[in-house]
Amino acid sequence: MGTEDRFDAIIVGAGPAGLACAYLLGQAGKSVLVIERGDAPGVKNVTGGRLYTYALNMLDDKLLEEAALERIVTHEQIMILNGDKSINIDYHDPAFNDGKTPPQAYTVLRAVFDQWLAEKAEEMGALVACGIRVDGLIEEDGRVIGVIAGEDEMFAEVVVAADGVNSLTAQKAGLIGDIPAHTVGVGVKEVIELPAEIIEERFNLKNDEGAARMILGCTEGIHGGGFLYTNKESISLGCVFMPSEIVEHGKQVHDIFQELKMHPAIYSLIRDGETVEYSAHLVSEAGYRGIPRKLFKEGLLLVGDSAGFVINTGYSIRGIDLALLSGIAAARAIIATGDARKVGAAYLAELEKTLLMPTMKMTDGYHDILSIPRIYSNYPQLAVGVMEKLFTVDGQTPTRIRKQIMTEIRVSGLTVWQLLKDGFKGVKSV
Amino acid sequence: MTIKSLDAAELLSRNKFNIDEELAHIVLDKEKCSACKEKPCLFVCPAVLYRLDKNGEISFDYAGCLECGTCRVMCQNHGIKKWEYPRGTFGVSFRYG
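So the sequence lines, in the order shown, correspond to chains A and B.
First residue of the first sequence? That's 1 in our numbering, and the numbers climb one at a time after it.
First residue of the second sequence? That's 1 in our numbering, and the numbers climb one at a time after it.
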C-alpha cells in the first residue's frame with residue numbers, strides 16, 4: 001500500500017480531545033480522519049458541565065468569540081443539603097466577566113459544543129466521518145498501523161484513542177485493563193428547559209451570565225455529589241455516585257437523583273421547567289493516580305477521558321479543558337515527529353509543557369480528601385445542624401453556642417478527635 | 001410543564017433513540033446472572049433496564065441504553081457476555097449532552 005492511502009493520523013472519537021487534535025493537525029496540513037460512532041459529533045457525549053476557556057484559547061485564540069457556549073460563569077456556588085434543609089454559598093465575582101479579559105469559564109452542552117468544534121476542525125481540513133464505529137486496531141509487529149470498522153480497514157502513521165472513559169480502543173491495545181469499579185463515578189443528568197429570564201431571576205444573574213453549583217449531602221451518604229449548571233435556556237441538574245457504594249446502599253441511582261430534584265431547595269429553582277433529556281455517563285474519579293501507566297504504544301496515543309484526564313477537587317470538576325490540552329499535546333507531538341516510533345515520548349513531553357501533567361500531579365491529594373466517607377453524610381449533617389442552632393431564636397435562654405456545636409458534633413456521629421484527624425488529613429492533602 | 005419525580009421509562013421517553021432492531025449490543029449469560037448473588041446491575045443502571053422477572057431471572061432491555069458502561073464496570077461475575085457500543089448511528093443521540 002502506498003503512503004498516499006495512509007493518513008498522518010486517525011482519531012477515534014469526536015469529542016474535545018480528538019477534535020482539538022484534528023484541528024491542529026488539519027491546520028498544519030496533515031491528513032487527518034476523525035471517526036465518530038454517533039450520527040453527529042457530540043451526540044454520545046455528556047458533561048456536567050462547564051468549559052474553562054484557557055484551553056480553548058490555547059487551541060486557537062480566535063475560537064472563543066464564536067464558540068457554541070452557554071453562559072459565562074460568574075457565580076461559583078457550593079450547596080450543602082441535609083434532610084430538607086440547605087446551605088448555599090454563592091461566590092460572585094464580576095471579574096469573571098469584566099469585558100476586558102476572556103471570561104474564565106462558560107457552561108456548556110456537549111452535543112452543541114462538539115458539533116461546533118467538529119465544524120471548525122473540518123474548516124482546517126480534517127475529515128470527520130460520523131456513524132462509523134471503530135471495532136478494533138490493526139497491529140503489525142506490536143505497532144498500531146490502523147483501525148478496523150466493519151468491513152473497512154484504514155491506515156495511519158498514528159492512531160489517537162479519543163473514545164472516552166470506556167476506551168475500548170485503549171483496552172484493545174492493552175494499555176488499560178478492566179476499569180476498577182472504585183475509580184469511576186456514574187453521573188446522571190436531566191436537562192430542564194426554562195425561559196432565560198426565569199433562570200436569570202432565580203439565580204440572580206445578569207444577561208448571559210451563569211451559575212455553577214456543586215451539591216454535597218444529596219447522595220444518602222454515598223461517595224458522590226450533585227451539580228447544577230445554568231445554560232442559556234435550560235438547567236443541567238445531575239448527580240454522580242460511586243457505583244460500588246450504590247450497590248451496598250441498595251437503592252437505585254435513578255431514585256436518589258429524583259429525590260434530589262424534588263428537594264425543596266432545588267425544586268424552587270427548576271419549578272415549571274420541562275425535562276427535555278436524561279443522560280448518563282461514567283467519569284473518572286481517581287485523578288492523577290487513575291492515569292494509565294502507559295499513555296502510548298508505538299503508533300497509538302491516549303487522550304482525554306481515555307487517558308483518565310479528569311480533576312475533581314470537590315468544588316470544581318475539570319475534564320473538557322484537560323481533554324483539549326491533551327489533544328493539543330498529541331497534535332504537537334505528531335506534527336513535530338511525524339513518526340510512530342518517536343511520537344509517544346514527544347507526547348509525554350508536550351503533556352508537561354501544556355501543564356496538564358503538573359496540574360494533575362498537584363491536585364492528586366484531593367482524592368484522599370474525597371475518600372473520607374464522612375464528607376458525604378456526617379459533615380453535611382454537622383454543617384446544617386450548626387446553622388440550625390445559629391438561626392434558631394425561640395425566646396428561651398440560649399445555651400452557649402460552643403456547647404451547642406459540641407452537641408451537633410455528637411449528633412452527627414462525629415468526635416472532636418475525628419474532626420481533628422480529618423482536618424489534618426485535609427490540610428496535608430492539599 | 002411541571003417538574004415532578006419521573007420514573008426511568010418517562011425520562012427515557014424524552015430522549016432520541018435509533019434502536020438497532022437486528023442486533024443487541026449487550027448480551028447476558030442467563031445462567032451466570034442467576035448464580036450472581038449481588039446483582040449490582042439492578043441498582044447501578046441509570047436507565048433501570050435490568051429487572052428481575054417473576055422467576056427471579058434478570059431481564060435486560062437494550063433499547064433504552066444510555067451507553068454509560070456502568071453495568072460493564074460493575075458486573076463482576078461475567079454475566080455480561082457481550083458489551084459493545086451500538087453499531088454506528090444506532091443507540092441514543094443526545095441533543096443537549
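Please keep in mind that the hints were generated in silico from the structure rather than gathered at the bench.
Treat each hint with caution, since some may be false.
[As the list claims (entries may be wrong)] List of simulated lysine to any residue pairs, SDA-like, C-alpha gap at most 20 Å: (1) B:K82 to A:P180; (2) A:K297 to A:K251; (3) B:K4 to A:P264; (4) B:K4 to A:K297; (5) B:K81 to A:P180; (6) B:K39 to A:E193; (7) A:K232 to B:R95; (8) B:K4 to A:E193; (9) A:K251 to B:L6; (10) B:K82 to A:A181; (11) B:K4 to A:E274.
[As the list claims (entries may be wrong)] Computed footprint of chain B on chain A; a stretch qualifies when at least three of its residues, placed anywhere within it, have a C-beta under 8 Å from a C-beta of chain B: (12) 44-56; (13) 240-254.
[To be verified] To give a feel for the contact side, a few chain B residues facing chain A, derived at Cβ under 10 Å: (14) N18; (15) L42; (16) F43; (17) V44; (18) V48; (19) G56; (20) S59; (21) T70; (22) R72; (23) K82; (24) F94; (25) Y96.
No experiment lies behind these values; they were computed from the predicted model shown.
We treat Cβ as the ideally placed atom computed from N, Cα and C, and that holds for glycine.
Hint check results:
With a CA separation close to 18 Å, the supplied pair K82 (chain B) and P180 (chain A) stays within the 20 Å bound. Distance restraint check for K297 (chain A) and K251 (chain A): the Cα-Cα separation of roughly 41 Å exceeds the 20 Å cut-off, and the hinted pair is therefore not satisfied. Our distance criterion of 20 Å between C-alpha atoms is met by K4 (chain B) and P264 (chain A), whose separation comes to about 12 Å. Restraint check: the Cα-Cα separation between K4 (chain B) and K297 (chain A) comes to about 50 Å, which exceeds 20 Å; the hinted pair is violated.
Restraint check for K81 (chain B) and P180 (chain A): the C-alpha separation of about 18 Å stays at or below 20 Å, so the hint holds. In summary, the hint linking K39 (chain B) to E193 (chain A) is not supported, as the alpha carbons are separated by about 35 Å, beyond the 20 Å threshold. Using a Cα cut-off of 20 Å, the hinted pair K232 (chain A) and R95 (chain B) holds, with the two alpha carbons roughly 15 Å apart. Between the alpha carbons of K4 (chain B) and E193 (chain A) the distance comes to roughly 14 Å, so the proposed pair stays at or under 20 Å and holds.
This hinted pair checks out: K251 (chain A) and L6 (chain B) have alpha carbons roughly 16 Å apart, not beyond 20 Å. For the proposed pair K82 (chain B) and A181 (chain A), the alpha carbon gap of about 18 Å is at most 20 Å, so the pair holds. With a CA separation close to 9 Å, the supplied pair K4 (chain B) and E274 (chain A) stays within the 20 Å bound. Three residues within the 8 Å Cβ limit are the bar, and the segment 44-56 of chain A against chain B gives 4, so the coverage statement holds.
Interface restraint, the segment 240-254 of chain A with chain B: holds (10 residues with C-beta to C-beta distance below 8 Å; minimum three). With 10 Å as the threshold, the beta carbon of N18 (chain B) comes within range of chain A, its nearest partner Cβ sitting at about 7 Å, so the hint holds. Residue-level restraint check for L42 (chain B) holds (minimum Cβ-Cβ distance to chain A is 8 Å; threshold 10 Å). Annotation: F43 (chain B) was flagged as interfacial toward chain A, and the flag holds, the nearest CB pair being 5 Å apart, inside 10 Å.
For V44 (chain B), the interface hint holds, the least distance from its beta-carbon to any beta-carbon of chain A being 4 Å, beneath 10 Å. Checking V48 (chain B) against chain A by beta carbon gives a least distance of about 5 Å; that is within 10 Å, so the hint holds. With a least beta-carbon distance of about 17 Å to chain A, the hint placing G56 (chain B) at the interface is violated under the 10 Å criterion. For S59 (chain B), the interface hint is violated, the least distance from its beta-carbon to any beta-carbon of chain A being 16 Å, above 10 Å.
Among the interface hints, the one on T70 (chain B) holds; its C-beta lies about 4 Å from the nearest C-beta in chain A, closer than the 10 Å criterion. Taking 10 Å as the C-beta cut-off, the interface hint given for R72 (chain B) holds, the closest approach to chain A being about 7 Å. For K82 (chain B), the shortest C-beta to C-beta distance to chain A is roughly 12 Å, which exceeds 10 Å, and the interface hint is violated. For F94 (chain B), the shortest C-beta to C-beta distance to chain A is roughly 5 Å, which falls under 10 Å, so the interface hint holds.
Of the supplied interface hints, the one on Y96 (chain B) holds, with its beta-carbon coming within about 4 Å of a beta-carbon of chain A, less than 10 Å.
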